[in-house]
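Asker: The chain contents come next:
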Amino acid sequence: MIKGILFFDQWQDEISSPFSSALFIRVLNLVGFLLILWMLPIADQVWGSDHFVIVTQSFDGIGRFAMLLREPFFRDHYWWFIIPFLFTTAAAVIGYTNAMLRFFTWILFVNIHYANFEISNGGWHLLHHLFLLSIFLFHVPEKERSKSASAKRLLHNLGFYFIWIQISILYLTAGFHKLLGTYWLNGEALMLTLSMEEFSLPYIMRLAESNTWYFQLGTWGSLLYQILFPFLIWIRRLRPILLAIGLVFHLSVAFIVGVTDFGLILVGVYSIFIPEGIARNWLQFAGWEFVRRKMAGIRIIKGTGD
Amino acid sequence: MALQNHSNSKLPRWLVIFILTVFTVHYSVILVNHFSKKILPKRLYYATNSYLVPWFFQNLTAFAPDPPINRHVFVYRTLTNDTWSGWKYPAYHYLSKQWKNRFDVATKTHDQIELVGDHLYITANRYPGNGIYKSSNGATLPAVVSAKKVIELRRDDVSQIDSFQVAIYIQRVRSIDGRTVKTDSALFYPKFGWND
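First to last, the protein sequences are chains U and B.
Per my numbering, the first sequence starts with residue 1, numbered consecutively.
Per my numbering, the second sequence starts with residue 1, numbered consecutively.
Chain B extracted, bound-state conformation (with noise of 0.2 Å):
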């Protein structure tokens, strides 16, 4: 029998413990770390992470509890020659290119500036009330620098701009008897010079 014939070819026992170990100590660390998000106690989230964080991370909850119901996306009208453009939605360009074809990399894109509207709206609340109006650094905010370099990407020339300002339109949506209802609301920025 091959166990037989090729004992002194085997590795010691220990060794043998030790490489199991290694393997099941890793992945019940994953475990522990998925699972103390929300069911295991925190402490144990945030002593997994020390030792996971950056090599071994993973994030396996989206859509999860729930599916994205808000949305945050990012506005903005720019002001040149005392005249203010339109709201310009600048993600619908990449994300009309995805609904034509679901492998038009748009789509990651899109999925970049959606992320600036979520900074931008995280960014706005943490200014109580008004508070972002009375920022004396707004401009250089990164959430509002990201925004920034999203309508140089959607404007060919952008030295005649003047000001521009930035706003999050927010849609939520929401199951009532079975039937979605979509409500929405705005979060303005102030104006910046775009030169601040």
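One chain only, chain U, in its complex shape (with noise of 0.2 Å):
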């Protein structure tokens, strides 16, 4: 218990992984901008008065300023909402951000989500609270000491390590509601899943006429990941292994099963997973050093200061 309260005492004091979290909060934005910058030609549908889908609202209160894309007024001015989000987006990619710009990015996007169900899948769900964690990512100088300091890197390094969480919440509760069924248990999940034209490509759709010793693997073998990973992520020696599964899982999810935007976003937010020395690596190799400034003996992103 002692060593306990030790520990969040000592949260108090250091910002655990700032490289990894400001290359974080990078990649998580350029997801987000290239995400909706991707759906541009279709927004009218998706966004605008030219839905096809049905689009109703019941919230009332608070719960309104999450649906306002649901109102006809405001989806006649759905630029409001886009505009501004690829605005903080981009912004934040180059290293301009703070907490109330990364509030405001996560209210836009839970509009921009909630205006047209249909095109969500989990990985707009997944974006949807990284977006809301991520406002807890602030930096704070490491010399600078006081209460204010103290209460933003708690709240870094609970950000930082629910977002971990939140990851796993998403494995857990895919991996666990599949033990529930049927065929992902006797095998035969994969080979359904791509027999379906809206999930596979014409020659696969062959394929998959018959449960063959890969589909079966295939099938075993996501399962077991999702159901894995949740445990085996905080183990420090096995996370490459586990990421390097993962990415070849995604992007298979990606360009086989077509479901493109869920498998990049689960890519894209595996970057939380980087360690520090290489995300401050890449940092510095994507060409961020002119926006750097020098702070308590280590070099913090500008930007990610709040």
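Calculated from the structure, these hints are not laboratory results.
Even glycine gets a Cβ: it sits at the ideal position worked out from N, Cα and C.
Misleading hints may appear alongside valid ones.
Stated by the list, open to error - Incomplete in silico selection of chain U near chain B, CB under 10 Å:
hint: 1; residue: Leu40
hint: 2; residue: Pro41
hint: 3; residue: Val46
hint: 4; residue: Gly48
hint: 5; residue: Ser146
hint: 6; residue: Gln166
hint: 7; residue: Leu172
hint: 8; residue: Leu180
hint: 9; residue: Asn186
hint: 10; residue: Ser210
hint: 11; residue: Val259
hint: 12; residue: Asp261
Unchecked claim - Result set (DSSO-like, lysine-lysine): computed pairs, CA atoms no more than 27 Å apart in a straight line:
hint: 13; chain 1: B; residue 1: Lys149; chain 2: B; residue 2: Lys100
hint: 14; chain 1: B; residue 1: Lys88; chain 2: B; residue 2: Lys10
hint: 15; chain 1: B; residue 1: Lys10; chain 2: U; residue 2: Lys143
hint: 16; chain 1: B; residue 1: Lys149; chain 2: B; residue 2: Lys88
hint: 17; chain 1: B; residue 1: Lys97; chain 2: B; residue 2: Lys149
hint: 18; chain 1: U; residue 1: Lys147; chain 2: B; residue 2: Lys10
To be verified - Listed below are several chain B residues computed to face chain U (Cβ distance under 7 Å; list not exhaustive):
hint: 19; residue: Ser9
hint: 20; residue: Leu11
hint: 21; residue: Ser36
hint: 22; residue: Lys38
hint: 23; residue: Leu40
hint: 24; residue: Leu52
hint: 25; residue: Arg102
hint: 26; residue: Asp111
hint: 27; residue: Ser146
Assemble the dimeric complex from its two separately framed chains, guided by the hints.
Answerer: Written out as structure tokens, the structure is:
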């Protein structure tokens, strides 16, 4: 108990993994930016008045502000949401962000997400919550000593590890619920999925007429991955192997199953697991030195400072 | 040591515990919500929903407990100058684009049209028997209005259309002795006047 409290005391003194969280903020916002940019050609149909899906709004009070784009007036002015979102995410990618802007980005994304449930998937839900948790990724100079700085460090570290927990919950929920079905356990889920034309490709549909060993391996492998991920991700030595398997899994979801945005969102959010040293090198490699500033003996990326 | 040197900049213990509690309770509610859909008592699902929906809601159970093995494909035909067109499968145009290029945003139009099929199926099943044929407000049902908008999306000129009929082509995939078997059926809506 005492040890636990001392641990959280220490979290008020230092930010753990500042480069990893700085890189994550950039990648998360890059993913959000590219996702919405990708959908601009059909923006009128998805968020505007050219929609053909059923759009209803039954929320009032504070809940209404999450659903504004389900109201005709705001649908007619959906650019009020899209353009600021593109600006705030683009700014975060190049390092100009703070907690207020990240909060604003989250509100915008929630509205953009709920505007059209039909384009949503687990990736969108995950982004929704990672934008929320990213609000807490404050960066404070190491030498700054005040109650406010301590609070920001504590919140950063909680936000950082709750992002890990959120991603683990995604896998735990998806994996565990698959155990309640029939086809994941008997090894036929992948064959059946890939025989549906909307989740396949023409030549793969022909392969999926019978359940070969590789479809069974894929079914059980992906089930095992989802169930074990929430436990194994905390073991440092296993992490690179786990993430490498995850990359193959999610790229397959993107390019074979065809749920492209989901697969690529998950690849993007894996950036939270990139170790400090590598995150630091990547940030330097990406050419952000010109916006860096020296702080307390370590170099922190400008723009994530709050 | 850092812990001793900066003791007056530390947060009061009660505040640390409060912050930890907020994070922990929030995520505990999320976990209970996820697992009360199928395992924990259902009343917990509704209770947690009242806190989580809409701001903190998340749905993470795609392809679970089983992958989708039933498809409800929206198809339609139009009547122009007393001549019925053939049955059209509007989502196919977008699906074939998606097959050629996984980065084609047509995939999102395709997904929305697939959902129109699901809504038509669900709506039709709310009317037992041939009830949908007896309904006086069929043309104004939200699912039918959605379907009509898809027809407008796919047709350059709708001014010549007198009537239209929508249907759902139902495809079921099953496995028998390790091989996929596809069966199909259809569910027809009545004919509606284009200007009804």
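Asker: For every hint, state whether the structure bears it out.
Answerer: Structure-based check of each hint:
The interface hint given for U/Leu40 holds, since its Cβ lies 8 Å from the closest Cβ of chain B, which is under the 10 Å cut-off. At about 6 Å, the closest approach between the beta carbon of U/Pro41 and any beta carbon in chain B falls short of 10 Å, and the interface hint on this residue holds. The interface hint given for U/Val46 holds, since its Cβ lies 7 Å from the closest Cβ of chain B, which is under the 10 Å cut-off. Annotation: interface hint on U/Gly48 violated; nearest CB of chain B at approximately 13 Å, more than 10 Å.
Using the Cβ-Cβ criterion of 10 Å, the hint placing U/Ser146 at the interface with chain B is satisfied: the shortest such distance is roughly 5 Å. The criterion of a C-beta within 10 Å of any C-beta in chain B is met by U/Gln166, whose closest approach is roughly 8 Å, and the hint holds. Given the 10 Å rule on beta carbons, the hint for U/Leu172 holds: about 8 Å separates it from the nearest Cβ of chain B. Taken as an interface hint, U/Leu180 checks out: its beta carbon lies about 4 Å from the nearest beta carbon of chain B, inside 10 Å.
With a cut of 10 Å, the hint placing U/Asn186 at the interface with chain B holds, because the nearest CB-to-CB distance is about 8 Å. Given hint, U/Ser210 at the interface with chain B, holds; its Cβ is 5 Å from that chain's nearest Cβ, closer than 10 Å. The beta carbon of U/Val259 is positioned within 10 Å of a beta carbon in chain B (closest approach about 8 Å), and the interface hint is therefore held. Here the hint on U/Asp261 is kept, as its CB sits about 8 Å from the closest CB of chain B, short of 10 Å.
The straight-line distance between the Cα atoms of B/Lys149 and B/Lys100 is roughly 26 Å, inside the 27 Å bound, and the hint therefore holds. Our distance criterion of 27 Å between C-alpha atoms is broken by B/Lys88 and B/Lys10, whose separation comes to about 68 Å. Annotation: proposed proximity of B/Lys10 to U/Lys143 holds, straight-line Cα distance about 14 Å (limit 27 Å). A distance of roughly 14 Å separates the Cα atoms of B/Lys149 and B/Lys88; the hinted pair therefore holds under the 27 Å criterion.
Of the supplied pair hints, the one linking B/Lys97 and B/Lys149 holds, its CA atoms being roughly 20 Å apart against a limit of 27 Å. For the proposed pair U/Lys147 and B/Lys10, the alpha carbon gap of about 6 Å is at most 27 Å, so the pair holds. Given the 7 Å rule on beta carbons, the hint for B/Ser9 holds: about 4 Å separates it from the nearest Cβ of chain U. Interface restraint check for B/Leu11: the shortest CB-CB distance to chain U comes to about 5 Å, inside 7 Å, so the restraint holds.
With a least beta-carbon distance of about 11 Å to chain U, the hint placing B/Ser36 at the interface is violated under the 7 Å criterion. Here the hint on B/Lys38 is kept, as its CB sits about 6 Å from the closest CB of chain U, short of 7 Å. Taking 7 Å as the C-beta cut-off, the interface hint given for B/Leu40 is violated, the closest approach to chain U being about 12 Å. Among the interface hints, the one on B/Leu52 is violated; its C-beta lies about 11 Å from the nearest C-beta in chain U, farther than the 7 Å criterion.
Proximity of B/Arg102 to chain U holds as hinted, the smallest CB-CB distance being about 5 Å (cut-off 7 Å). About 6 Å separates the beta-carbon of B/Asp111 from the nearest beta-carbon of chain U, less than 7 Å, and the hint is met. Interface restraint check for B/Ser146: the shortest CB-CB distance to chain U comes to about 5 Å, inside 7 Å, so the restraint holds.
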